[in-house]
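Participant: Use these hints to put chain G onto chain Z, whose structure you have.
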Amino acid sequence: MTAPILRIENISKRYGKKDVLKGASFDVLKGDLKILIGPSGAGKSTLLQCINFLVKPDEGRIWLDEQEVHYAHKRDLCAYRQKVGMIFQDFNLFDHLTALENVRIGMVRVKGMGKAEAGERAVMELERVGLREHMQKYPAQLSGGQKQRVSIARALAMDPKVMLLDEPTSALDPELIGEVHAVIRDLGNNGMTMIMATHQIGFASSLASEIVFMEDGRILERGTPDKIFNHAENARTREFCSKITELYGERG
Amino acid sequence: MTEGWLYIQAEVYPALLKGFWVSLQLIAPSALCGLVIGVMVGVLRVYGNRPVMAAANAFVAIFRGIPLVVQLFIWYFGLPHIGIYLSPFVASILGFSLCSGAYHSEYIRGALLSIKRGQMLAAQSLGFSKIRMISSIILPQAIRRALPGCGNEIIYLIKYSSLAYMITCIELTGQGKILASNSFRYTEVFLMIGACYLVMTSVATIILGRVEEHLRIPGFERQRT
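Here the protein sequences line up with chains Z and G, keeping their order.
Numbering of the first sequence is given in the working numbering, commencing with residue 1 and proceeding in unit increments.
Numbering of the second sequence is given in the working numbering, commencing with residue 1 and proceeding in unit increments.
No lab work stands behind these hints, which were simulated from the structure alone.
Model, not experiment: these values are computed from the prediction.
Incorrect hints may have been included.
The list that follows gives simulated cross-link-like pairs (lysine to any residue, SDA-like), each with its CA atoms no further than 20 Å apart [claimed, not checked]:
(1) G/K130 / Z/Y138
(2) G/K116 / Z/A171
(3) G/K18 / G/Q124
(4) G/K18 / G/I8
(5) G/K159 / G/V22
(6) Z/K56 / G/Q124
(7) G/K130 / Z/C78
(8) Z/K161 / Z/S209
(9) Z/K74 / G/I134
(10) G/K130 / Z/S209
With the rest of the complex left out, here is chain Z (with noise of 0.2 Å):
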């Protein structure tokens, strides 16, 4: 069996006196897409985020490529956070840059990389992403479809060895969600390794490699699309699968 690339062991949070995680373990291997999906307020949001400590977690550890991430000392979590790549609900590009300048400034400013270098770097993401011609608009002229493919091509440009996408199409419109979901799949196909919360989850078994049902800030069942969208075992889990497949429809 090959080492996992990304290893989180025991991950809790409180906030005050709610336990929102309490105690997710999973071993993710190289270009598997594992989808989390459950009611919202399950701690799926919590937990990408503690992935890559934006939140920090109260307990657990991480380790990428076998390597435990020491999250207390800055220049490793730096260092950790430009190989773990973030996709955000909202997208959150920053409103002052152009797409391209979105896209260039972590190689810039965190990497170090020339401005020129790096722009050829940003341009060919954009591309990848279907934006080339858009790279001069700034975020306020882009529809969310493309917000949310350049932030896409922001989190490629820095070569990240795991995605970690949260909800990514649920702030689009119906229409605008299908675009991001041809890049995504694209990454699937490319080999990159994923982990993404959703409720698309047409999309979701047509891609996932597992299928991890959160509740309560626990993992309560995984399994393979099949098994968990047909054969659960736990009677939460059919039951909130066969409510979200009467919502979001099987096709991705």
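Facilitator: Just chain G, lined up with the frame of chain Z:
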């Protein structure tokens, strides 16, 4: 009539021109230093650790809370008691810069707080350190948002620069005071001085508008249709 005209030509005009020049020399560096201080203090008030934040807040409380004239008196008449002698000109610039900086910091602070948290998360997730994140993501946006307020403060500065004559730095208002008390033509002299300040503030308003226009970015535009 001709006598008044002569008086203006021979005495008022050269004196006011001299004063005007001194005023400009007071205002320009004070505006610049004030802005720099304001940005630094504003950043520390929002992103500093606890003691730094407390110190920055104390700075603002003091320099915004004490009348400017009193501050100028302290710099000019007070400091010699501990062996520091400042010229009236330097004492004025020091007083104006610190006071202006305290006010600017409040506009900057408000603008910093208005930047969406999501952009900071995004910067962190790309591996930005805190300092890099503030300098290349947050500040460029915050300064654009703070500009109207900071412009307001610069307009104030132009007017309160007239307090410099209280510590014998004879700028525009100071020259006017001397002229008027010699000739007792208070109305004429101070009408002219008022006009001079109006010219300065109008020019400043135009320049600030240009700067705002220059830094304008889609999504940050003023709502003007």
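Participant: All hints, please: hold or fail.
Facilitator: Consistency of the hints with the structure:
no., hint, result
1, G/K130 / Z/Y138, "violated, 24 Å"
2, G/K116 / Z/A171, "holds, 16 Å"
3, G/K18 / G/Q124, "violated, 53 Å"
4, G/K18 / G/I8, "holds, 14 Å"
5, G/K159 / G/V22, "holds, 13 Å"
6, Z/K56 / G/Q124, "holds, 13 Å"
7, G/K130 / Z/C78, "holds, 10 Å"
8, Z/K161 / Z/S209, "holds, 17 Å"
9, Z/K74 / G/I134, "holds, 16 Å"
10, G/K130 / Z/S209, "violated, 36 Å"
Checked against the numbered hints listed earlier, the structure breaks hints 1, 3 and 10; every other hint is satisfied.
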